[in-house]
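*Asks:* Protein chains in written order, with the numbering used here: chain A, 20 to 271; chain B, 12 to 462.
Think of the hints as simulated: they come from the structure by calculation, not from any bench. Do not rely on the hints blindly, as some may be mistaken.
[Unchecked claim] Here's a subset of chain A near chain B, in silico, CB distances under 8 Å, partners left out:
1) 35
2) 72
3) 94
4) 99
5) 112
6) 114
7) 127
Small disclaimer: the values here were computed from a predicted structure and weren't measured. Note that beta-carbon positions come from the ideal geometry of N, C-alpha and C, so glycine has one too.
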Amino acid sequence: MKSLMKIENLHAEVGGKEILKGINLNIAPGQVHAIMGPNGSGKSTLSNVLAGRDDYVVTKGSVSFMGENLLEMAPEERAAAGIFLAFQYPLEIPGVATMTFLKTAINAQRKTRGEDELSTPAFMRFVREKSALLGVKDEMLKRPLNVGFSGGEKKRNEILQMALLEPAFCILDETDSGLDIDALKVVSEGVNALRDKERSMLVITHYQRLLDYIVPDFVHVLSNGRVVRSGGKDLALELEKSGYAEYGADAA
Amino acid sequence: MTHLTTQGNIKKTAAEKAFPALYDKIAPGLPGGKAVRRLRNKAMEDFKASGLPGRGVEAWKYTNLRQLLTDSYPPAVPAGGGVLMNTDEAASHGAFSTLERATMVFVDGHYRPELSDISAIGDKARIMTLAQALETEDTRALDTLVSAADADPLINLTLAMMRDGAMVSIPDGVRIKTPLHFVHINRTGASCANTTRHIVHVGKGAALKIFQTHAGSENATYFTNTLFIAQIGNEGQLTRVKVQGDSLSAFHFGHLRAELGEKAKLRDFTLNLGGHVVRSEVDVALAGNAADAHVSGAYLLSGKQHCDTSIMMDHQRPGGTSQQQFRGVVDDGAQGIFQGKVRVAPDAQKSDGRQMVRALLLSERASHFAKPELEIFADDVQCAHGATAGELDDEALFFLRARGIPEPRAKALLITGFIGEALDDITDLDIRDRLEELTQNWLDRRSGETS
Numbered sequence: 020m021k022s023l024m025k026i027e028n029l030h031a032e033v034g035g036k037e038i039l040k041g042i043n044l045n046i047a048p049g050q051v052h053a054i055m056g057p058n059g060s061g062k063s064t065l066s067n068v069l070a071g072r073d074d075y076v077v078t079k080g081s082v083s084f085m086g087e088n089l090l091e092m093a094p095e096e097r098a099a100a101g102i103f104l105a106f107q108y109p110l111e112i113p114g115v116a117t118m119t120f121l122k123t124a125i126n127a128q129r130k131t132r133g134e135d136e137l138s139t140p141a142f143m144r145f146v147r148e149k150s151a152l153l154g155v156k157d158e159m160l161k162r163p164l165n166v167g168f169s170g171g172e173k174k175r176n177e178i179l180q181m182a183l184l185e186p187a188f189c190i191l192d193e194t195d196s197g198l199d200i201d202a203l204k205v206v207s208e209g210v211n212a213l214r215d216k217e218r219s220m221l222v223i224t225h226y227q228r229l230l231d232y233i234v235p236d237f238v239h240v241l242s243n244g245r246v247v248r249s250g251g252k253d254l255a256l257e258l259e260k261s262g263y264a265e266y267g268a269d270a271a
Numbered sequence: 012m013t014h015l016t017t018q019g020n021i022k023k024t025a026a027e028k029a030f031p032a033l034y035d036k037i038a039p040g041l042p043g044g045k046a047v048r049r050l051r052n053k054a055m056e057d058f059k060a061s062g063l064p065g066r067g068v069e070a071w072k073y074t075n076l077r078q079l080l081t082d083s084y085p086p087a088v089p090a091g092g093g094v095l096m097n098t099d100e101a102a103s104h105g106a107f108s109t110l111e112r113a114t115m116v117f118v119d120g121h122y123r124p125e126l127s128d129i130s131a132i133g134d135k136a137r138i139m140t141l142a143q144a145l146e147t148e149d150t151r152a153l154d155t156l157v158s159a160a161d162a163d164p165l166i167n168l169t170l171a172m173m174r175d176g177a178m179v180s181i182p183d184g185v186r187i188k189t190p191l192h193f194v195h196i197n198r199t200g201a202s203c204a205n206t207t208r209h210i211v212h213v214g215k216g217a218a219l220k221i222f223q224t225h226a227g228s229e230n231a232t233y234f235t236n237t238l239f240i241a242q243i244g245n246e247g248q249l250t251r252v253k254v255q256g257d258s259l260s261a262f263h264f265g266h267l268r269a270e271l272g273e274k275a276k277l278r279d280f281t282l283n284l285g286g287h288v289v290r291s292e293v294d295v296a297l298a299g300n301a302a303d304a305h306v307s308g309a310y311l312l313s314g315k316q317h318c319d320t321s322i323m324m325d326h327q328r329p330g331g332t333s334q335q336q337f338r339g340v341v342d343d344g345a346q347g348i349f350q351g352k353v354r355v356a357p358d359a360q361k362s363d364g365r366q367m368v369r370a371l372l373l374s375e376r377a378s379h380f381a382k383p384e385l386e387i388f389a390d391d392v393q394c395a396h397g398a399t400a401g402e403l404d405d406e407a408l409f410f411l412r413a414r415g416i417p418e419p420r421a422k423a424l425l426i427t428g429f430i431g432e433a434l435d436d437i438t439d440l441d442i443r444d445r446l447e448e449l450t451q452n453w454l455d456r457r458s459g460e461t462s
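Next comes chain B alone, as it looks inside the complex (with noise of 0.2 Å):
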């Protein structure tokens, strides 16, 4: 999304003066040699000139950050091996530890070789980290970091002071059945920033089914900034399924770019459950004709958590097909946010773009905002989008307690069935179970609060 530099005149905010500083502190032992660090110098120059997002910028119009972000973090420091930790430990955190995978594991955005388990996959596949690919200045890494003074504040943030991340590419024609597990854990419990880049690259007619978790100490107050790169070539296909279970007190920003070549398909998927400010950001740009890209999700929300869900589907060739689903449930003090943008340029003839959104208020301090976009350049073209905010259904409710189901079994099965409607297109059940699973332990939670 195009971030405007309108802030000129405007007074720098303390954060927005601390990120400099920091990086001119760390710079020199960030990976890469001279090459990368012009470009780390060249983003953060860019991030000078922006400023965080504040009023005004309207991708960002209902996250402010420059109220919102007060502070920057100093990146966490790796915990070395005095820091005992095993693979059970690691997998544990992340939501799919019971299902067979090929495991990535980051911990405060350092890459664990030690934790980590790629043999299920390795011989199939080339992988490395991100921090080796800059070493070595591997074009492929590099060709992904140009910066601009109108690309998003945060990316150029990610972009200077990236730490690591996964390079994986998938050779042509390949299909991995295993999926691979990127594990964000957050471990120093203290004030720390990590920032992480991946790159994927899905080659013609392969495939790669990819989740990806993050996790943290509770209560931990950090700032997580990840930006996931993917490319999918001519009929290739990957498949993201993520889990955003941050420490409530946590600063999660999470993006994911994907360029789909010709009928490439992209099947994305996040539950955010974490966070107390949340970006949960994906740009599609179906570049392809006929390139298929269907994102969806689900925000359980409480206390004062703020999460903020912005799509863009880019139609750029003909014959396109997007779906956007979405479904918010927020408590408490809580609030959703939802902006999703279809645009089709002027020869994505024949496409089909598609949006809904509903969100169910558990209380009456619970806020949604839903932002539909809809820019269309061609004319023989389908674009439906929806929105709807409610309260649980008090029929439905008497409906099951008369039929003997006690009330927080009741709420829990309709909020159950309402996010269900998000899970259509996860057609492993496997992993729908888990999803599920995680909703109902939110619901548990929440009902073990209240009663």
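If we strip away everything but chain A, and leave its shape as in the complex, we get (with noise of 0.2 Å):
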């Protein structure tokens, strides 16, 4: 099978205590894997590690992605390289006016990939486009990033992101959160829109209620730092069913 990312044997701590104890993972371009388990499970430490965030340790494996060390990368550089992180909490960050932020970060992973800069006017059609179809609005370009923004504006004002960024992998850390129905059935319909042959996927959710809306490819129960069990998207509907009892942690 040709491999995106493969996860092998990775151990993680964060301040001293390990908390993802062998994780082993292959997703193949256009794939789309979900993340499923209980609290503590280490489903954000995971993410936040492919991402490269700085106080989360890797002691132990490997992660490559088309084919690099993942691990040895900034970031920035992981970024530029097609990684993506939703965040489950978007930053508000004051003073930093959207459109500013959206222009730097495109043209940013642009120049590291040792392509030309957007000019101006190609970058205000790009993003007009597609903030349309996730019905942001004018006004919230405006505002300074986040500053203001409801949950389900922030979680929009992700997947805008992505969508402008447009990354091969794209990590969605409890993308859910927060989220009433008809803001989920948005940010899903963006999501979906951005599947493709070539774009990969790892969905990380506690609840089953997200992937009604994004249907993953393959399922992996985690918990306790480790893939205790991987299957198809009928997974997701037995855990609905029976809780997380079973994988020795809190019910859900």
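Got two chains here, each in a separate frame; can you build the complex from them with the hints?
*Replies:* What follows is the structure in structure tokens.
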């Protein structure tokens, strides 16, 4: 099988405490993998380790992305290489206009990849086109990044960034948290519009509900820092009925 | 701010002895006739009595000049016609050289007409130099020259030693669109002092915008002391945008004293980038009903810079509103200081005074002191103050990097955004762009040094 990302025996700790205790995952281009699991099982740690957050220390194992050693790259290099993390809690950054941020991010990635920067008119057209699809209003784009945005607006803004940056590998970290059913539909549609045979996704969620909208190819159950079970999309439905009790943690 | 003479028995420092000695030597050559000379002598006597502000002087609590100022500096000698310098070169030192404006250029404290151009506003305003005003004993100039032993010692020094400055008067009802730029340049590069006094009068319902920039030869040690006196008539408006980019070895003392009439407005912004020891002071008297003053600024410090911003808002009459909005970015072993005082007189009811200072510390050795003071003698007022100091937000930094923005650029974005909060009052986008560009240049220079 052709692999986009291969995670082997990945161990990681935060503040001296081991959270990931040997994760193995192989994700092929175009596949959507869901990671489910109880609170504290290591779901968010996995997404942060893949995105390159400083205070997460990898102690053992490897992650190869498009044949490169992902763990050696800085967060911005990973982003330029095609990794995108949709944050569980997108940051509010006062004083930084959303448009300035988007343009800086797009052009920084293009520059790192050795491509020409987008001109302002081309950038504006691109943003207008994508934001219309996600129902992101002009008024939101004029505000400082995420400042005064509702939970749903912040998540839509995340998916807008994903659409603009066109990553090869998307990590959705509990994107459903804090969303009502209408916002969940809009966000899921935005994500589904980005599915194609080259782009892979890792969808991290506590609840099965999100997977009704973003239907995965594979489901993995994470417990106590390890993948304890893998299966098809039906595994999510089974978990919805039985809960996480048998995986040794708090019930969902 | 009041300076109490408590130093009668304290031994004079070298600088305290040197200034009067220097004054005796240079006084005969300073502009002005006998009346001016008497005022100068009095100011120097007052300075001798008070000495430099040291420990125990509350208004100078964090800037002990008895310790920091070890020497006096001889006044700069006029560069004369021998030094080649054209308007473009002079303007290039200023931050606003690309904007339409009138200019008054002061090189080493001396007005240089051949480098200046006031034609854009010259026919609408009365403009002369302080040296001219002193020579003719212009009463408007003399009225502002009263010293007092309890006045700030640095103000007494400007009075005794002043050489030149701008005297600008905007007639009632005249609103001048073209900004007037006071360009201050230190050219000699040697150890020298320049003492400048600007006197600006904005008539009733009149309006004026001023740029004030300071620049100097890199690494030159000099002493610059500027007092800016502004009188704003009823419903008049004065806007000042000051950019201080003196040499990193220079002593910079800059003081704005503004008096506002009824419904008069002041909008003041200062960006402090340069100087080794800097005191940036703004005293506002809201002397008419419903006067309105916004005083804001930012300071970007590195190395061993010491920058003290001290603001006094004196609500003397009812219905006045004031705002102080400051942001400091402090790197290396630099020290930022903010003192902000709001005083509300007994009959200044319905006053509204607000103050906020936030500091960003970029290094473990960096420090910032904030001293807010409220002195309220009226009972129906609204006053608020806040002060914070912190580091760059790691979460925000990671967020930006995870979107592909390299670390230095991500930091720059966050710092620019932080400073931007103090720029809210600057509605002219051209000016705002220039200030953001200066911030960006500072950041680029910093990241160049550390990478």
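*Asks:* If a hint holds in the structure, say so; if it does not, say that too.
*Replies:* Hints versus structure:
Annotation: residue 35 (chain A) was flagged as interfacial toward chain B, and the flag is violated, the nearest CB pair being 18 Å apart, outside 8 Å. Using the Cβ-Cβ criterion of 8 Å, the hint placing residue 72 (chain A) at the interface with chain B is satisfied: the shortest such distance is roughly 6 Å. Hint status for residue 94 (chain A) relative to chain B: holds, with the closest Cβ pair at about 4 Å, below 8 Å. Taking 8 Å as the C-beta contact cut-off toward chain B, the hint placing residue 99 (chain A) at the interface holds, the least distance being around 5 Å.
With a least beta-carbon distance of about 5 Å to chain B, the hint placing residue 112 (chain A) at the interface is held under the 8 Å criterion. Given hint, residue 114 (chain A) at the interface with chain B, holds; its Cβ is 3 Å from that chain's nearest Cβ, closer than 8 Å. Residue-level restraint check for residue 127 (chain A) holds (minimum Cβ-Cβ distance to chain B is 5 Å; threshold 8 Å).
Hint check: a violation occurs at hint 1 only; the rest are consistent with the structure.
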